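Undergrad: Sequence:
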Amino acid sequence: MIVPMWPTQSWYPKLLRMLVAAPRVLPQQRTALQMPGMPQEVHPLFRKMPGSKPTVVKFEAYPDNPNICFVTTLKAYLNRTSSLRGGAQQLFISHYKPFKPVSGDTISRWVKAVMQKSGIDVNLFKPHSTRAAATSKALLKSVPLEHILSVAGWSSSDTFAKFYSKPVINTDSFSNVLLQE
1 MIVPMWPTQS
11 WYPKLLRMLV
21 AAPRVLPQQR
31 TALQMPGMPQ
41 EVHPLFRKMP
51 GSKPTVVKFE
61 AYPDNPNICF
71 VTTLKAYLNR
81 TSSLRGGAQQ
91 LFISHYKPFK
101 PVSGDTISRW
111 VKAVMQKSGI
121 DVNLFKPHST
131 RAAATSKALL
141 KSVPLEHILS
151 VAGWSSSDTF
161 AKFYSKPVIN
171 TDSFSNVLLQ
181 E
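Using our numbering, the first residue of the sequence shown is number 1, and each one after it goes up by one.
Think of the hints as simulated: they come from the structure by calculation, not from any bench.
Taking lysine to aspartate or glutamate and the EDC-like style, the derived pairs with C-alpha atoms no more than 16 Å apart in a straight line are: (1) LYS75 - GLU60; (2) LYS126 - ASP105; (3) LYS14 - ASP105.
Values in this document were obtained by computation on a predicted structure and should not be read as measured data.
The task is simple: from the sequences and hints, build the whole structure.
TA: Okay, structure coming up:
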């Protein structure tokens, strides 16, 4: 079986657990994935694979309120976990010994727990719903579509329009009131 070496996908850790022998890693080349019937074309998935083109996302600090600033929170997390990381390069590590990098399934459970504690109906909305919510809200707030596509790793606005562009419902929820300017 040939599959992409794609550790960011939720199925990847499950696949590794099912292996009966060490995997052989093929070199990452533009010709490794081809469109059926069009061998001269680069497969669209190639551009999404890790290492094919890095996506740089810059987070800016929010000095007006460090309590809700992502940059401040991330720095504090990295500082608090630095002695536990060993050589781990992945951002999220387990909070139980042996403090190894966590799987996509674990992160999904964490996101679901936060959603539930925030009052979101997790029977209706799943952790992956956050991607549609964030990108739809960004578009509503006049973030250029090209920037949304770049940050999300989409090469076509069709993907956004078909799967992720959702109506944004404004409510007077607790979090909205707190985050208003």
